[in-house]
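K.L.:
Using the sequences provided together with the hints, build the complete structure.
There are 2 protein chains.
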Amino acid sequence: MTLTERRAQLLSLIIGEYVDTAMPVGSDAIVRRFELPFSSATIRNEMARLEEEGYITHPHTSAGRVPADKGYRYYVEALMQERDLPSEVKQTIRHQFHQAGREEDEWVHLSAAVLARAVENAAVVTLPRTPESRLKRLELVGIQDGAALLVLVLQQARVKQQVLIFPEPIDQDQLTSIANHLNAAFRNLTAGEIRTSQAQLTQMEWHVANAVREIMSASDRGGYDEAYLEGVRNVLQKPEFGTSDKMLNLLEVLEQRNLTKLIPFREISADGVTVMIGAENEEDAMHDYSVVISPYGVPGGISGAMAVVGPTRMRYSQTISTVRFIAGLMSEMLTTYYDEGAPPADRQKD
Amino acid sequence: MTLTERRAQLLSLIIGEYVDTAMPVGSDAIVRRFELPFSSATIRNEMARLEEEGYITHPHTSAGRVPADKGYRYYVEALMQERDLPSEVKQTIRHQFHQAGREEDEWVHLSAAVLARAVENAAVVTLPRTPESRLKRLELVGIQDGAALLVLVLQQARVKQQVLIFPEPIDQDQLTSIANHLNAAFRNLTAGEIRTSQAQLTQMEWHVANAVREIMSASDRGGYDEAYLEGVRNVLQKPEFGTSDKMLNLLEVLEQRNLTKLIPFREISADGVTVMIGAENEEDAMHDYSVVISPYGVPGGISGAMAVVGPTRMRYSQTISTVRFIAGLMSEMLTTYYDEGAPPADRQKD
DNA sequence: AGTTAGCACTCGTGCCTGGAGAGTGCTAAC
DNA sequence: GTTAGCACTCTCCAGGCACGAGTGCTAACT
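Listed in order, the protein sequences are those of chains L and S. For the first sequence, the residue numbers in our numbering are 1 to 350. For the second sequence, the residue numbers in our numbering are 1 to 350.
Bear in mind the hints are in silico, worked out from the structure with no lab data behind them. Every clue listed holds true.
Identical copies look the same in the list; a pair holds intra-copy or inter-copy alike.
Below 20 Å or equal to it, Euclidean Cα-Cα: the simulated SDA-like pairs (lysine to any residue) are:
| hint | residue 1 | residue 2 |
| --- | --- | --- |
| 1 | K160 | Q99 |
| 2 | K90 | R315 |
| 3 | K238 | E252 |
| 4 | K70 | T2 |
P.N.:
Following this line, the structure appears as C-alpha cells:
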C-alpha cells in the first residue's frame, strides 16, 4: 500500500497547499506554484490514481482535489517529517510557563491556553490523576458552631476540601483531637484501605472518616472528566465554517466537556503522540476534525492527557511537535515537584 | 419622556414578537397576530412616532420594525413586569444545585452552567472574594527532600495551596515546628498585619511567612479576574449570527475572560440586578449584546458577581428573574456555610 | 512507456433580471 | 382619531448567462 515516489511527493504538495489555502487545489495551479518539471496533464493522471486509491477526493467534477482522511493518514505516517520546534518558539513557550504560579490547576489551565495559542486550534488538557491516592494528612478547621472545613492533603500534593456539617455543635479542640486520631489511623492509606480499616472510631470520627473516604474515592474515580478547554475561537475562525451545523456539533461536544467521547484516551500510546484523523474518530460530530493527543506526567504515577482539536486540514507536523514539547514540559514540572521519592531535579533550568 | 398608553403597549408587543421570532415585525403582522382593534394603518402611524423618538428602528425601508436599545431600555424600566419564576423551574434549579459537592469552586462552576442553561445564553460567574482575608491556619506537608506543600486555610473556608521549595533538605518534624510557630504568631491576621508583625522568625520561617503573605495578598487583590464561563454555544446558536464578525468579537472578549472589560462590575447596584443594553456598554464588541448582572454573597462579606450575556434580543423578564433567583441561592449557600459568627441557618430546606 | 498538447465537457460563481411579497408613507375620506 | 387605498421601496429568490477553473480523454511525441 505504498505510493510511488512521485505520487507521494504530489500528495505532499497537495496537502501542503490545501492546508495553507483551504481551497481545492487543481493540477494546473500546483504545477505553476511549484514549477514542477511536468505538465498539468501528467499531474492530472497522477491525481486520478491518487483519487482511485482513496488518498484525495473531489468535491465535484471540475473542482480541484482535496486530501481525504487516508491521504492525511499517509502523510502523517510516511511523508511528514517531524522537525523540532524552532528554539525561539520553545523559548517563548517556556517563558509563558514560567509566569505561572505553583498551583497545579493553574499549570493545567495555562498549558491549555499556551497550547491553543501555539497551534491556533482548540486545546484540551485534563487534570492529572494519580493511580490511587493515599492520604497524607487531614485537617479540621471550625468555621461555625456545627460546621467545619475538612482539608485533605493527598499523596502528590493534591489538596481537597469540603465543608462538613455536624449534627451538633463542636469546638476546635474536639475537632483537633478528631483530626489527630484520624491522622494516626489513616496515614498513607487509600480509600479502600480506609474502608476496611479496623480502627476504633467514635461516632463523630466515623462521620469525618466517611467524608474522607468519599472525597478520596471521588478523586480516584474521576478519569478524564475534568479538563481545561481553550481556543475554541481559533477553530471557529477557520474558513471552512459558516455557522454550519458542523460547527455547532463540535461546540456541543466541546462545551459539555465530555472528553472521553471526544478523545479516545484509552487508545493513547503510553509514550508518544497519537493522531486521530477525521472519521477515524468514532464520535460522529468529530468526523470533520482531527485530534492530536499526548499523555503527560510521570510514568506509572501522576498523569493526564492533552489534546489539540482542529479541522482535518491541520498543520500536523507543527501540531505534533508542539504537543510533544508542551507535554514534555508539563511532565518535567510534575516530576520536579511531585514525584515523591525521586531525587529533586534541577529546578532552575529555564 | 413617557409614552402614551397605546404606544407603550405597541412597543411591548413589538419587543415580544421580535424576541420570539428574531425577524423584523410589520404593522400588518402584529394586527393579525394579536387581533388588535385597530387597522394596520393606525399601527403604522404609531410606529412612525415610536421610530421618531428612537424606540425602534428600520433595517431598511419596507422591512418591519426592530426594537432599538432605547426601546429595550424603556421596556425593562417601565413595561416589563418581572414575575416570579414558576415554582417547577425553581425546583429544577434547586435540584441541580443539590447535586454539587460542597466545594466552593464547584458551586461557582455549577451555577454558571445552570444559569446558562436556564436562560439559554452565556453565563459568567466570578469566584467570590472576601474583603480582606485572615489566616486561620497553615499547614506544611513535606513532599520531597527540599520541597513541601504549603496549605493555607483562610477565613471563610477558603483554602490555598502552593508548593514551596526550600534551599536545603528539611524533614517533616522541622516543617511541623515551623507551622506551629507561624500558626501561633499569625493566627487571624491579614496579609498586611503579617507584614508588620514583630514576631521573631528563623530564616526558614521567614521564607514560609513570605509565601503566606504573598498568597494572601494575591487572594485579596484578585478582583473579578477568575470566573467560570458557560453556554457560549447558546449564544452562537441564535439566528442573528452567520459566523459574522460580531460573533468573533464576542468570542474574543469572552475567551480572554477579561471580564471587567465585558462587564462593568463597579456599576452594579449592591442589592439588585443591573441590566446593560447594547451600546450602553462601553466596550465596542458588546454593542450588540446585553448583559444582566447581579452581585451575590454576604453583604459586607464574601461576595462575587454573576452575569448573563446574550444578544440584545433577549427575554429580559425571564432572564432577570432567573439571575435574581440563582444569585439568591448562591448567597444563601454562602451565608449558610461561610458566614462566620452567624447562627447556622436551616440547611435542609429544599 | 511515459509525457504532453489539445479539446470537449462539467460545475461553481458572479452578475443581471424580473417578479412576488412584505412593508411603508401618504392622502383622502369616514 | 381612524381607516381604506394606493404608490412606492426594498428584499428575496429563481432563472438565465457568461466566465473560469478544472477534469478526463485521446492522439501524438520522445
